[in-house]
Amino acid sequence: MDFSPLTDAMASKLYDKIADICDQLMLQVAAEGVAFEDEWPYAIHLLGHLYVNDSNSARFLWKSIPSAIKENQPQVVAAWNIGQRLWTRDYAGVYEAIRGFEWSEEAQPLVAAFSELYTKRMFQLLLSAYSTISIQDTALFLGMNEDDATNYVQQLGWLADPASRMLTVKKQPIVTEQKLDPGKLQRLTEYVFHLEH
Amino acid sequence: MQSVENLVTQIQGLSSSASDISVLHNLLKAADDSLRSESARLLPLLDQLEPSKHSLGYLYFLEPCTYGSITKERASTLVPTIARFITSCVAEQIHLAPEKFITVCKRFKEQVMLLEAPIRGVGPMLTAIHKIQASTEHLTALHPEFLQLCLLAKCYKTGLSVLEDDIYEVNQPRDFFLYCYYGGMIFIGQKRFQKALELLHNVVTAPMSTINAIACEAYKKYILVSLIHHGQFSTNLPKYTSSAAQRNLKNFCQPYIELANSYNTGKVTELETYVQTNREKFESDNNLGLVKQVISSMYKRNIQRLTQTYLTLSLQDIANTVQLNSSKEAEMHVLQMIQDGEIYATINQKDGMVRFLEDPEQYKTCEMIEHIDSSIQRIMALSKKLTTMDELLSCDPLYLAKAGRERQRFDFDDFDPVPQKFNI
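Protein chains in written order, with the working numbering: chain V, 1 to 197; chain U, 1001 to 1424.
Possibly wrong hints are sitting among the right ones.
Stated by the list, open to error - Derived, one-sided and incomplete: chain V residues facing chain U with beta-carbon distance under 7 Å:
id	residue
1	Q28
2	V52
3	S64
4	A68
5	S134
Rather than coming from a laboratory, the hints here were simulated on the basis of the structure.
Glycine is no exception: its CB is placed at the ideal position from the N, C-alpha and C atoms.
The shape of chain U in the complex, shown without the other chains:
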């Protein structure tokens, strides 16, 4: 067994070439337990190591330092050390010990939270994701941590940078649930409701054997965002939703289902009364802000409905039908909706009339063709991915064994390597 001082020398000597590093990695693995037992002595020794050169060794020394309960004082020395390490470490070296790196980053997040300074973690955590990620298609355990920090530090825009990548590879279901939930919240904050719906929908319909709190909270927000964005909500979940979610979600979100029912009546006053009587429930869920947006979206919805019936309508009539106080108020609502691209209309102030128009998009500009083109490319790439995944799955021994058992007359004499029937 080596002393830790000895190990420091080894790290310094064996951190340059790839073969040296693999030797070093074995040494460190062997010394892991003794490092842990000497964790109190390690922090000062880190000064002798260079995070940008001795990344692997640094990581092995740093990790034990983060164990145990951490006081605020200790956190304030550890946080800058870890931040510096994350920023300067070499990706190839830390890839040898990804679990350790993730543990360090997770503890780092806990410490910045302890210091009540989530913003200090945002930048390093983003760097950490980029360094540990095998490709942008992989979800790491650090994604949810990063998004949570963004939410707490109110750096919503920074959070978007990882949400723009499409994720195809997930290891831990919990990471995926949290990633989609926090991601949904970030998109809600940026008022990109379509993307928010997509992510929240992923949480609700993801495979799960038992119902979980993340899915419940996601479902509540899903209902509200669906009302804001589409003006309607249906309790029917797609067929591929787990039975646990199908059976239980509604029971946990009753006030929200009732809110949606009240919304469907199209009467603003009724909705307002309902919200008023159930205010505390929404408030304790931290959803009151969204609920208020639901109420104001109802005016829009009702105006949008008018565009389906009328070609022209007076501002006064609009005010009367959607329960606004004056024709000026109706004008402002229509104007806002035009500004946001939610309706196409022109206001004639002279006659006090609004003329509803068709969508002027003629799908013949270069930009539009560019846009359609890139969509087609994306869909084709996605379809290819799906085919590969399907093929992989149909060769998977575990799956075949299960599918084979469920299939009544499975016979090895069937020269049919792939089961015909998929019990999904």
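Next up, chain V with everything else stripped away, as it sits in the complex:
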């Protein structure tokens, strides 16, 4: 089996490509009739799906893994453990699953990148869903201790109230570029004209 596209992507930290690369590679070796299961980097493959927020595909991949591999490769189980927490929306449990395993040298950078990305995703979620939230919960969502979490969000403009242990969420104005291509406007005019006549 030629894993070079995968190792290249891992080396250049193109983690969002990993799931697709693995999917394609797997279909290819399967079609050639290679018994790939024993050597397949299931843990990386699972993490690749999680990295692009595709827990559905991760779940189907987990279901297709032979039980012998699930029993013998603790890292595969550990990777799915993260997926399972995401699946059940056990927001804080994801960090426990990440920290609760000694990841191999190969998987470690991917797990670390995922963890960082997940913290960002969680921050965005809190930003969109809360107006005030306790420091304790924020720490759980961001996977930090309470001081670090407070510092993290304060840097992004949130206000802390030490008395009630509450944080006030500061929404960031979303800046989007509003440059309209005149060709678009022209086309819209044509549609309206078309509809009216």
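Position chain U relative to chain V; hints supplied.
Just chain U now, with coordinates in the frame of chain V:
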């Protein structure tokens, strides 16, 4: 009559130019019967042919090999051979014998199933579709086979690649039924319920003279997905649905209709009891997972209903109204729904309140305009297609003869080439 060895030489010599190939095609057609009777000898001869060069000849030799009952042993030699052939054959050559190619691919699927390794067929079957398809708008007989393999091998994501194309041309109704049914299942697996509904709806409302099992199973899933996605289900089918479906579908899906009725009461406990008593029925239909999703969707539905009445509401009140155990649980449900974009709200933990908001989309960003623009383009293309199809149909002699007969006073003196009344 030629010997098969002779034929091998012919194939080797006549596979380069288009005119040679058409000569070869005639030779092969003439030899088809003798090839079939000598099918036992053909497999070793394939080694003398190059699938990427002698595709047509290879196909004529390969097809008889796949006939008859196949043992596991034979399948394990045939599967790699066919996989290699599909991957390397030349599309132009196999287009001369599409039926043979489809037969080979179908037998190939049966063999990977026999080997209990559906994943081995996924890649080649996708390649086969791309090679045999006249355009991405054509549904081939291999589409359903491919999607079924994807489901069995749990490669749902790979299945999406063909489902993204819009299909306009269908030859066999059965292919279309299965394509939509399996496609619906793939979208369900990916939790893209809107697309799943669309496909399942196609199955249920497609023309059919008698009711069929695919439509029944599709209708069951349609009911469940409709509850999960829309929170409601109506038994009214659109007017263009066949009368066979209108009359019979409900009778075959009674437990599901009752489930929908129970859902409409809005009471979670009632729904749970109903599911519990009918568990076996859902389980034997392999729909229990979806039914469970229906139950959990009810909490969401009830919360969504609250957004229509209240501007702000305490978490405790939400928990009480939708029958959740604690205000924390209510908070988690609201959070999940915000995450999934199902409601717009902000949670105020300090006061334990939720404030429901309007959809913040203002339809003025460039992306939104881009999106609307592409939708309009698609609809315009679709409308053009419909017009062409309508024109084609109104010139179709078969249709005209039938419509003419049904029209009471049809007279050739009417200088009216198109019947005015469409009896659809």
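In ascending order, which of the hints set out earlier in this document are inconsistent with the structure? 2 and 4
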